[in-house]
Amino acid sequence: MSGVRQFLALLARNRLALAGLVVMGIVVALAVLTPVLPLADPDVTNTSNRFVPPFSEGALLGTDHLGRDLLSRLMWGTRLSLAVGFAAALVAATLGAAIGIIAGYYGGRTDNVIMRGVDMLMAFPYILLALAIVAALGPGLINALIAVAAVNIPFFARNIRGITVGLAQKEFVDAARLSGMSDARIILTEILPNVVPVIVIAMSTTIGWMILETAGLSFLGLGSQPPQADLGSMLGEARSALITNPHTSVVPGMMILVIVMAINLLGDGVRDALDPRLKSGALNRPLPATLVAQDRTPVPAHADGILTLTDLQTQFHVKDRIYRAVGGVSLNVRPGEALGIIGESGSGKSVTALSVMGLVASPPGIVTGGSVHYRDQDLIGAPYDALRRLRGAEVAYIFQDPQATLHPLYRVGDQLIEAISAHRHISRAEGRAKALDLLEAVRIPNAAARINDYPHEMSGGMRQRVGIAMALANDPEVIIADEPTTALDVTVQAQILSLLDDLRRDRGLAIIFITHDFGVVGQLCDRVAVMYGGRIVEEGPTRAILDSPMHPYTERLMACVPELGGGRRRLEAIPGLPPAVNDLPPGCAFADRCDRVQAACRQGAIPLDRKGDRAVRCLFPVTEPQEAAQ
Amino acid sequence: MTPALRLENLSKTFPLGRTLFGPERPGVRAVHPVTLEVARGETLGIVGESGCGKSTLARMLVGLLAPTTGSIEIEGAALDTADPAAFGKRIQYVFQDPISSLNPRKTIRQIMEAPLKLLHGMDRAQRAARIAEIFDLVSLRHEFLDRYPHEFSGGQAQRIGIARALAAEARILILDEPVSALDVSVQAQVLNLLADLKAELDLTYLFISHDLAVVEAVSDRIAVLYFGSVVELGRAEDIFRAPRHPYTKLLADSAPVVGRALTPPEAKETELPDPLDPPKGCAFQARCPRATAQCGQETPTLAELADGHAAACFHPIAPPDGPAG
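Here the protein sequences line up with chains A and B, keeping their order. Note that the first sequence covers residues 1 to 630 in our numbering. Note that the second sequence covers residues 631 to 955 in our numbering.
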């Protein structure tokens, strides 16, 4: 039920769609009520009363060339046109969807035969096809309905087939098959419920068109037969009196305009409200930089490293909920240093990284507090132009999925040149030479040939090398790598990691490396920060933390990751789930899952206790800070 | 004792279709003939990198894909029917992506009831009792039954996926990367649950993963797949500690291990061979530091080198604690 309410709320947000809904509601209500309204008989002729103008006594909209009451004919005609239009849409949707589902589900030869048939149907101009069908079947309203439905079947069939092909490869269809379901049952209970929204969307955007087509056939005298009124035949009959008595044409013409406009506005609204891509906010284009709260108090610059985060807070405001994704993170990284940020999904590690350069999507993201200093400049709240000059040139990113970060339609070399020319003027030949250097720097074999490759022609490991080359394009000082090897195979991961390690040693790059893998952190990073529930719970030199973790979460997280060479064993699982960042407990976020928890842990905020080069946010750490520091 | 699962020369070639006028083109060989046995109660791990054919193999085993050659035997009886319902009662599948393996428009109860109704013909009361029993086994709360899949976290959804596989009462489960979509702290919960279920219900597992450490932690034996072929098969405690095939060694050396220096593992090339134009001889020769002329001419077959340890290699690596087999 909440789904229906949500749908109506989304629909109502679109003013035009709401107007369309109201107008359509009135029209449909009037059409339904027509038989009980006190109207004159629409088919009784009275030739002595021809062409009575509108607003006359006894005939509100006047009369037509046979003296019939136009208001009454309009109402009955609208009723008939709507009924035929809806029926045609329903028939076209049902048959088209059935054809599309069968073609898409079975695929192969079935698909080929069906869809080529549909293509042939589409090869004829629709009005010619409709005329041919009516000519073959003979004029009449039902035949016009059949013609309009038949003409629109291909549209539905093609649409639904596309969706079904995607659904048929989903794992839940395989699972249903393994549950013993037959093909027919899978189509009815697994595929169909997932296709219905698409059918509704397609119907809502075509129904106006079908009403128009039916009216067109009636206008030509192929639809409703005299004396029966529908909007098209009314127009057709009024044609001869268009100049002398325009009201006879204007009345049905206006009604067609109103109906089709209202249905199309409503249809667009329905589509927007039902389409999952639009629902997830694809229509709200994010701002070029993350919003910064007005009441943020900037922190003065202090020279801890080349990039210094101080008490950074980033939130997502979604309706009335506030997600505290980053709840006060302080970090710094020095040139040539690799800092690891480790955490599970929802720990805030990626949002922390994206906040640095204002890349968190706004809305709904907003930086509510703290500062990020690159050298002496506060990046939070910096003007967009300044931020843009720094992005890529001073602080560059490497993302998890190189397939998604590279443009599929441009050669990798051109994308590299573009990355360079975004920051400085460079000739094409110079750019190409530089791009070649970069590809060689990331050890792409045979770089001179691969520079002309499209991203899809490369393997995942090669694409990620291009991603790293792009990050290096403008000789940045800091690289932020967000799970750059998670999507890669182990053999490729090892090569990418050693490449990053060489780069920071050779070029003095500062690297912030975000991951969930202790093995990776242990090999690459000098220092590591462990995040949980949007905060850093432990920070310090990698070796020290791996040897003697102080926070219970760090200790337990390390214990539940198997390490190669340990043989067959039972893992130490952490019970429960990480906390939701829109509902964090007042005290320690890990309290509910911790076996060392005491009442004091739930009392209030726990500070990050720093001793020497290690820091821990815990009242009862596993190892006491003093002994660890020694 | 009859093995729980036996595959003989199972292979899969995907046809490329024919050119418009020319002859039929040769297909892409995703899985080269594989012969394997899994004993009852055993966990056989299958590792390999993307594109090595591990998912194709798994889908053939549960009947979602028809093999090109070879046969599957479950507990001594051949499975030659193409009817997934017949497979369903004997062998089940747990999917990698727990959320997308649940129909978003069905309640958990509807999802759980399908195998009970269709495979076992249970009536409503029997189904309710059985679902309650299974949910207790996998420690899921009964009120979850009336919710929809999107309301669950990955770990919970994977428990539901396991519960559905158990409902079919198959004694063999194919676990296709069952924890790779989960957070590490939840990963361990699911792996431990699988271990408990196996002991309690006397199940046999085929555990497929790209994560060497996870496979090593859960398996009795491990088969390493490369380019559609099993290149090494051995006990879990031996195979990465003392690999015999150079590819297994490359995998083991690549796995990030705390404290190991970061040097790129020895390999001449990183690219997999082109499946449309497979190399002659050993598929690994282009990347192999031990390759000789022989490797470019003949294809090595899986041969037993020591007790229970087999590799498909002409020049296997000598074990550290004994003479080369």
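Don't take every hint at face value.
Dumping the calculated SDA-like pairs for lysine to any residue here, alpha-carbon to alpha-carbon at most 25 Å [claimed, not checked]: (1) B:Lys736 to A:Asp304; (2) B:Lys879 to A:Glu563; (3) B:Lys828 to A:Leu274; (4) B:Lys719 to B:Lys736; (5) A:Lys319 to A:Asp304; (6) B:Lys910 to A:Gly576; (7) B:Lys879 to A:Lys170; (8) B:Lys747 to B:Thr699; (9) B:Lys910 to B:Thr893; (10) B:Lys736 to A:Asp272; (11) A:Lys170 to B:Leu695; (12) B:Lys736 to A:Glu563; (13) A:Lys170 to B:Lys910; (14) B:Lys879 to A:Pro445; (15) B:Lys910 to B:Val888; (16) A:Lys170 to B:Ala669; (17) B:Lys736 to A:Gly567; (18) A:Lys611 to A:Asp304.
Computed list of chain B residues with no C-beta within reach of chain A, every gap over 10 Å [unchecked claim]: (19) Glu667; (20) Glu703; (21) Arg871.
Because the hints were derived from the structure by calculation, they are not lab data. The structure presented is a predicted model; accordingly, all values stated were derived computationally and were not measured. Each residue gets a CB set at the ideal place from its N, CA and C atoms; glycine is no exception.
CA of B:Lys879 to CA of A:Pro445, is that 25 Å or under?
-> holds (23 Å)
Proposed proximity, A:Asp304 with A:Lys319 (alpha carbon, max 25 Å) | Roughly 38 Å separates the two Cα atoms, so the pair is violated.
Restraint check for B:Lys879 with A:Lys170, where alpha carbons must lie at most 25 Å apart | violated (35 Å)
Does the alpha-carbon distance linking B:Lys719 and B:Lys736 stay inside the 25 Å limit?
-> holds (22 Å)
Hint consistency between B:Lys736 and A:Asp272 [alpha-carbon to alpha-carbon, up to 25 Å] = holds (24 Å)
Is B:Lys828 close enough to A:Leu274, meaning Cα to Cα at most 25 Å?
-> violated (43 Å)
Pair hint outcome, A:Lys170 versus B:Lys910 [Cα-Cα no greater than 25 Å] = Distance of about 36 Å is beyond 25 Å: violated.
If you draw a straight line from the CA of B:Lys910 to the CA of B:Thr893, is it 25 Å or shorter?
-> Roughly 30 Å separates the two Cα atoms, so the pair is violated.
So is B:Glu667 really clear of chain A, every C-beta pair being over 10 Å apart?
-> Consistent with the label, B:Glu667 stays out of reach of chain A, its closest Cβ about 19 Å off (over 10 Å).
Is it true that the CA of B:Lys910 sits at most 25 Å from the CA of B:Val888?
-> With Cα atoms ~38 Å apart, B:Lys910 and B:Val888 exceed 25 Å; violated.
Would the pair A:Lys170 and B:Leu695 pass a check requiring their Cα atoms to be no farther apart than 25 Å?
-> holds (14 Å)
Hint consistency between B:Lys736 and A:Asp304 [alpha-carbon to alpha-carbon, up to 25 Å] | Since the Cα atoms of B:Lys736 and A:Asp304 sit roughly 54 Å apart, the hinted pair is violated (cutoff 25 Å).
Hint check: violations occur at hints 1, 3, 5, 6, 7, 8, 9, 12, 13, 15, 16, 17, 21; the rest are consistent with the structure.
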